[in-house]
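Based on the hints, put chain B with the ligand in the right spot on chain A.
There are 2 protein chains.
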Amino acid sequence: MAITKSKIDYKLYLVTDRDVLGSRDLVQSVEEAIKGGTTIVQIREKNCSSLDFYKIAMQVKEVTSKYNVPLIINDRLDIALAIKADGLHIGQEDLPLTVARKIVGEDMIIGVSASTLEEAMIAQEQGADYVGIGSVYPTSTKLDAKYLAPDELRRIREAVKIPIVGIGGINEKNVSELMETNIDGVAIVSAILGKEDIRSAAEHLSMLVNK
Amino acid sequence: MAITKSKIDYKLYLVTDRDVLGSRDLVQSVEEAIKGGTTIVQIREKNCSSLDFYKIAMQVKEVTSKYNVPLIINDRLDIALAIKADGLHIGQEDLPLTVARKIVGEDMIIGVSASTLEEAMIAQEQGADYVGIGSVYPTSTKLDAKYLAPDELRRIREAVKIPIVGIGGINEKNVSELMETNIDGVAIVSAILGKEDIRSAAEHLSMLVNK
Ligand code: NI
Numbered sequence: 001m002a003i004t005k006s007k008i009d010y011k012l013y014l015v016t017d018r019d020v021l022g023s024r025d026l027v028q029s030v031e032e033a034i035k036g037g038t039t040i041v042q043i044r045e046k047n048c049s050s051l052d053f054y055k056i057a058m059q060v061k062e063v064t065s066k067y068n069v070p071l072i073i074n075d076r077l078d079i080a081l082a083i084k085a086d087g088l089h090i091g092q093e094d095l096p097l098t099v100a101r102k103i104v105g106e107d108m109i110i111g112v113s114a115s116t117l118e119e120a121m122i123a124q125e126q127g128a129d130y131v132g133i134g135s136v137y138p139t140s141t142k143l144d145a146k147y148l149a150p151d152e153l154r155r156i157r158e159a160v161k162i163p164i165v166g167i168g169g170i171n172e173k174n175v176s177e178l179m180e181t182n183i184d185g186v187a188i189v190s191a192i193l194g195k196e197d198i199r200s201a202a203e204h205l206s207m208l209v210n211k
Numbered sequence: 001m002a003i004t005k006s007k008i009d010y011k012l013y014l015v016t017d018r019d020v021l022g023s024r025d026l027v028q029s030v031e032e033a034i035k036g037g038t039t040i041v042q043i044r045e046k047n048c049s050s051l052d053f054y055k056i057a058m059q060v061k062e063v064t065s066k067y068n069v070p071l072i073i074n075d076r077l078d079i080a081l082a083i084k085a086d087g088l089h090i091g092q093e094d095l096p097l098t099v100a101r102k103i104v105g106e107d108m109i110i111g112v113s114a115s116t117l118e119e120a121m122i123a124q125e126q127g128a129d130y131v132g133i134g135s136v137y138p139t140s141t142k143l144d145a146k147y148l149a150p151d152e153l154r155r156i157r158e159a160v161k162i163p164i165v166g167i168g169g170i171n172e173k174n175v176s177e178l179m180e181t182n183i184d185g186v187a188i189v190s191a192i193l194g195k196e197d198i199r200s201a202a203e204h205l206s207m208l209v210n211k
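Protein chains in written order, with the working numbering: chain A, 1 to 211; chain B, 1 to 211.
Among the hints, a few may not be true.
Copies of one chain are not kept apart here, so a pair can be met inside one copy or by any two copies together.
Pairs of lysine to aspartate or glutamate residues, derived as EDC-like cross-links and limited to a Cα-Cα distance of at most 16 Å, are as follows [to be verified]:
id, residue 1, residue 2
1, K55, E93
2, K46, E93
3, K35, E62
4, K84, D107
Everything labelled a hint here was simulated from the structure, so no lab data went into it.
Only chain A is shown next, with the shape it has when bound in the complex (with noise of 0.2 Å):
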């Protein structure tokens, strides 16, 4: 993969969840959300076999690759190693930034979720690439997230040079509002796969952020 780290753009950041669409299919929905203007993607998946994540992940890359968009796994830096993918983003309940780092090496992308400006200054001190802040929002898909004081973000995006991606809750209404905190961008999930008509929710989102 040619992907630049420093010319990423993190604005319009899609992340997967197969309970969110249902029966419909992932790698098309994937790909319909980047043709509404989604600018990376990342593959979360639970409860699922090394084996099947693997496999959805392949095909997840092909759609990426085609329209030159970074594909980030979640969680598991193995599923990351086999399928080549540009980044591996990491919970605080996953492997230590560092100990990812020494495997993965220098090249690949490493995001770093983080809910307080503690954890965002510990993964960009140990050299997180970007840092995922959230739920800046109260969120469904993820039930036990803990809630961000708006002031909370404004004080993280002052202290943290590393991109800065919004996360949970986020959906055309709120998206303006928070893109004022001159974050680099949005995570979303339900806002644009939760919609029936997933590449016109991509646009309109897309249209909010580049405001």
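Quick look at chain B with the ligand alone, frame taken from chain A:
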């Protein structure tokens, strides 16, 4: 780790299962099993975060290193790399062997689960270091496992040159007749970790497999 593949003793192969242990400590239990004669240890974790798996595996590795017993990680290639395990064990629903081998290289042991002669032959051709064949007896720890006919195990033993470890429902009552098939070792879960005195259960099985 300075484990030489050709010198690995598969005779008494412990596979961990925290459900079987109940409230007892995994690391201490593994140490007891090693003191009783366990020759190789596989950590199998399901439904546990990557961080927890990593931490547990690091702790178990301290024990296996102390006794110079090889440590194998089930399914999760990333955890195997992160803790510099001696090996990785993959099932038919895990990453494909050829994909895993490219990532970990030749030094890491890769074992593959097989339930038929065909699967075992494919694993051997693709460079598996050993095959785990089962279930050889009915088992309660893996409810979906199919039960292998004794003749099938003999056919596999005749056809396959790499080490064979029998798995599934093996205990002190059936282990002696099983070793008569000339397999290289037996993988044990409950018949060691499910016993009150783990060390003496391992000692008894060790005596039986070495007869
Ligand atoms: Ni006895």
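Review point. Hints broken by the structure, by number, lowest first?
Key: Hints that this structure does not satisfy do not exist here, as all of them hold.
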